[in-house]
Amino acid sequence: MDLRMFLVVLGLVARTFGISDLELEFAKEYNSKEGSVRRKPELRLDEAWLTINSSVNFNILLFSLNDQCWKCDPVFVDIIPRYSIYTLKVNTTFGTTIYLKENDLTGTLDETFCTFHKKFTESGDYWVFVSNQEFIHHDCKLLQTNDPLPAEMPILYVFGGLLIIWVIGDMVVRLDRKYNKSQSVNITDPENAPRNLRMKSLRPTQNGFSDISEDSGTAHDRNNSPQQYSTHNKRERLKSLDTFRGLSLMIMVFVNYGGGGYWFFDHPPWNGITVADLVFPWFIFIMGTAMNYSFRGMMKRGTPRYKMLYKVLRRAILLFFIGIVLNTNWGPVNLKTIRIPGVLQRFSLTYLVLGLFEVCFSRYDTPEKYQGRCWSSLRDILLFLPQWFLALGILAAYVCLTFLLPIGPCPTGYIGPGGLHDSGKYYNCTAGAAAYIDIMVLGKNHIYGKPTPHIIYQTTTPHDPEGILGTLSSIFLCFLGLQSGRILIYYLGHASRVVRWLKWAIITGAIGGTLCKFSINDGWIPLNKNLWSVSFIMVTACFAFILLTILYLIIDVARIWNGTPFIFPGMNSLVVYVCHDVFYRFFPVNWYMENPMHWHLLLKAVWDTAIWVVLAYILYRKRIFIAL
Numbered sequence: 000m001d002l003r004m005f006l007v008v009l010g011l012v013a014r015t016f017g018i019s020d021l022e023l024e025f026a027k028e029y030n031s032k033e034g035s036v037r038r039k040p041e042l043r044l045d046e047a048w049l050t051i052n053s054s055v056n057f058n059i060l061l062f063s064l065n066d067q068c069w070k071c072d073p074v075f076v077d078i079i080p081r082y083s084i085y086t087l088k089v090n091t092t093f094g095t096t097i098y099l100k101e102n103d104l105t106g107t108l109d110e111t112f113c114t115f116h117k118k119f120t121e122s123g124d125y126w127v128f129v130s131n132q133e134f135i136h137h138d139c140k141l142l143q144t145n146d147p148l149p150a151e152m153p154i155l156y157v158f159g160g161l162l163i164i165w166v167i168g169d170m171v172v173r174l175d176r177k178y179n180k181s182q183s184v185n186i187t188d189p190e191n192a193p194r195n196l197r198m199k200s201l202r203p204t205q206n207g208f209s210d211i212s213e214d215s216g217t218a219h220d221r222n223n224s225p226q227q228y229s230t231h232n233k234r235e236r237l238k239s240l241d242t243f244r245g246l247s248l249m250i251m252v253f254v255n256y257g258g259g260g261y262w263f264f265d266h267p268p269w270n271g272i273t274v275a276d277l278v279f280p281w282f283i284f285i286m287g288t289a290m291n292y293s294f295r296g297m298m299k300r301g302t303p304r305y306k307m308l309y310k311v312l313r314r315a316i317l318l319f320f321i322g323i324v325l326n327t328n329w330g331p332v333n334l335k336t337i338r339i340p341g342v343l344q345r346f347s348l349t350y351l352v353l354g355l356f357e358v359c360f361s362r363y364d365t366p367e368k369y370q371g372r373c374w375s376s377l378r379d380i381l382l383f384l385p386q387w388f389l390a391l392g393i394l395a396a397y398v399c400l401t402f403l404l405p406i407g408p409c410p411t412g413y414i415g416p417g418g419l420h421d422s423g424k425y426y427n428c429t430a431g432a433a434a435y436i437d438i439m440v441l442g443k444n445h446i447y448g449k450p451t452p453h454i455i456y457q458t459t460t461p462h463d464p465e466g467i468l469g470t471l472s473s474i475f476l477c478f479l480g481l482q483s484g485r486i487l488i489y490y491l492g493h494a495s496r497v498v499r500w501l502k503w504a505i506i507t508g509a510i511g512g513t514l515c516k517f518s519i520n521d522g523w524i525p526l527n528k529n530l531w532s533v534s535f536i537m538v539t540a541c542f543a544f545i546l547l548t549i550l551y552l553i554i555d556v557a558r559i560w561n562g563t564p565f566i567f568p569g570m571n572s573l574v575v576y577v578c579h580d581v582f583y584r585f586f587p588v589n590w591y592m593e594n595p596m597h598w599h600l601l602l603k604a605v606w607d608t609a610i611w612v613v614l615a616y617i618l619y620r621k622r623i624f625i626a627l
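Residue 398 in numbering that gives the first Met the number 0 sits at position 399 of the sequence shown; the count goes up by one each step and never skips.
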């Protein structure tokens with residue numbers, strides 16, 4: 000009897016007498032062997048070992064089902080030979096249900112005799128002992144022979160270290176400012192902006208307050224006191240808006256650089272929401288907030304509407320063009336397969352539509368003009384009813400196209416991932432109307448070919464998360480950002496601003512939560528970033544209103560934080576975004592790592608993000624602020 004057969008028999012004896020300690024000792028002894036006895040595959044990121052110790056006289060068919068695979072059937076994984084010890088790798092990102100089925104000598108498939116669910120731990124070593132006893136009683140026990148540290152531990156260490164560095168850096172910056180106070184220039188005042196930085200095609204913003212597509216302008220930051228209003232008539236930039244934009248951008252860069260390989264820093268396979276899903280909508284939101292000041296400034300200066308229209312068209316075209324250029328950053332350009340949609344393209348179209356709204360309907364009023372009216376508490380809404388009707392009409396068009404548009408062989412109103420979803424009934428129906436419109440208008444070769452569900456759901460139909468249909472809902476999200484900016488303009492008191500933002504957070508959060516039934520998959524309209532579903536934009540708007548409120552209170556009201564380091568990339572968001580994309584493959588931003596673990600990838604992502612924060616800080620110190 001060879002050693003392998005001896006170990007199998009030992010496992011059978013241990014299981015027969017129901018002695019779990021013997022099973023555990025057996026597994027540890029097996030793991031201690033070298034050479035041909037220990038045949039375990041090398042583990043990589045988000046993987047663990049699952050060893051099946053079979054002492055039955057039939058082959059075992061192993062199936063698995065990922066928790067994220069909504070309405071899917073179990074997927075065949077492998078065959079476990081009879082009287083064998085077989086080790087395979089299992090994914091640790093999400094929970095998994097394992098099914099063991101009999102496969103007798105005739106090849107017929109029997110019913111499942113063992114099922115268990117587990118959220119495996121990364122680098123864990125799991126064992127299942129299968130004997131006649133388990134087969135008869137349809138029961139099996141999962142053992143773990145080791146106790147690895149949680150994969151999330153590096154986050155605590157890395158971000159704890161970053162907090163310490165930030166505190167020390169903030170102290171250094173404060174001391175530096177205090178030392179150079181007599182020589183400093185107030186860059187928040189447009190009158191002090193250096194004239195030698197003016198450019199023809201790309202120009203600094205008038206006050207260093209820039210957006211990826213829009214000058215953010217300035218805002219009066221005053222208390223309710225009329226006396227203060229009359230005596231303190233200096234324009235002051237709200238640092239919270241720059242910080243909001245910079246925070247969103249830095250999280251976006253961190254996520255795009257891998258986010259340490261953690262699932263919550265990546266997009267979900269289909270329904271659901273993670274940290275990675277928040278940043279793009281937040282940027283859309285804050286773009287709307289900033290647009291108020293640009294158009295209000297042009298109206299105040301008496302800019303003709305045709306010049307306003309030219310400015311809108313110019314910015315939209317440039318943004319779209321830059322987005323197309325960035326889409327070609329990954330290799331030789333083939334015009335037959337170039338991707339047309341993209342992040343900047345979504346910004347471009349969203350800005351274009353809302354910019355046209357403002358060109359047609361924008362108005363300049365002083366904040367005090369309607370204070371005596373009975374409806375003054377709603378003036379930020381009632382004065383903009385035409386825009387509200389148009390924005391709601393666009394949102395209604397999105398809903399109608401999503402749920403009423405016939406989409407060929409696929410069921411009308413289908414919003415699933417296709418592939419394995421719903422037992423594979425709608426395999427080629429990924430994203431429903433959203434993908435159908437993109438394919439009809441742009442063609443399969445000009446949209447993103449590997450959407451997030453392609454791994455778990457095994458989809459083959461292309462779908463672009465920045466496609467045409469989702470632009471409609473992003474327009475409404477940006478319009479909610481416009482609404483947050485109108486609150487800043489028409490209500491001068493801190494309390495009135497905060498209360499209204501929180502009311503909007505409650506309204507949008509309640510709508511989004513109701514539509515998704517506060518669940519991942521069971522709602523009428525689930526949270527879905529791929530589709531930019533109504534529930535998704537409402538929930539992300541809710542978080543945006545809350546975040547804006549918190550930053551406003553901490554930075555502009557209490558003044559206990561000045562927004563560093565996020566305020567710096569917030570002032571040059573276009574430069575940072577383009578550079579982080581263009582130099583993605585270049586050292587010192589990127590380099591090869593063999594079989595990296597989470598802490599390797601986390602440190603690398605933090606390093607990469609810090610590079611662009613430093614660049615933004617250098618531009619800030621040199622008073623260079625570039626926008627379209």
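There's no promise every hint is true.
Derived SDA-like pairs: lysine to any residue, alpha-carbon spacing no greater than 20 Å straight-line [unchecked claim]:
no., residue 1, residue 2
1, K70, D521
2, K603, L162
3, K449, H266
4, K424, K88
5, K88, W262
6, K443, R558
Since the hints were made in silico from the structure, they are not lab data.
Results of checking the hints against the structure:
1. Between the alpha carbons of K70 and D521 the distance comes to roughly 11 Å, so the proposed pair stays at or under 20 Å and holds.
2. Among the hinted pairs, K603 with L162 is consistent with the structure: their alpha-carbon atoms are about 17 Å apart, no more than 20 Å.
3. For the given pair, K449 sits about 13 Å from H266 by alpha-carbon distance, which is consistent with the 20 Å threshold.
4. A hinted pair counts as satisfied when its Cα atoms are at most 20 Å apart, and K424 with K88 does not qualify at roughly 29 Å.
5. For a cut-off of 20 Å, the pair hint linking K88 to W262 stands: about 18 Å separates their Cα positions.
6. Using a Cα cut-off of 20 Å, the hinted pair K443 and R558 is violated, with the two alpha carbons roughly 51 Å apart.
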